[in-house]
Amino acid sequence: MLSWLLSFLAQWGLVLLLIGLWAGICLKLGEMAENTGSEVVSAAGWVVFVGGLVILGWWVWRSFFG
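For the sequence shown, UniProt numbering begins at 1 and goes up steadily by one.
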């Protein structure tokens, strides 16, 4: 069990860390947009969010389908 967990973390730890960082940036930009009412910050948050989804989707597709 422990070896499986260590193997999983070795393979996916960086990916999980990057997903967490991406989510944190999206949340922070959303909070800043809400506090300032800035359309630019709101748009930047959406660009980061959608761009991250596209990159993640491409990576998953490439990993599993070729």
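It is worth saying that the hints were derived from the structure and are not from the lab. We put the CB at the ideal spot given by N, CA and C, even for glycine. Certain hints may be false.
Claimed, not checked - If you anchor each label on the Cβ, the simulated ranges turn out as follows:
#	residue 1	residue 2	range
1	8	57	20 to 26 Å
2	4	34	19 to 25 Å
3	9	39	38 to 44 Å
4	62	23	31 to 37 Å
5	1	36	44 to 50 Å
Hints, verified against the model:
| no. | hint | verdict |
| --- | --- | --- |
| 1 | 8 - 57: 20 to 26 Å | holds, 21 Å |
| 2 | 4 - 34: 19 to 25 Å | violated, 41 Å |
| 3 | 9 - 39: 38 to 44 Å | holds, 40 Å |
| 4 | 62 - 23: 31 to 37 Å | violated, 21 Å |
| 5 | 1 - 36: 44 to 50 Å | holds, 48 Å |
The structure fails hints 2 and 4 (numbered hints given earlier, in ascending order).
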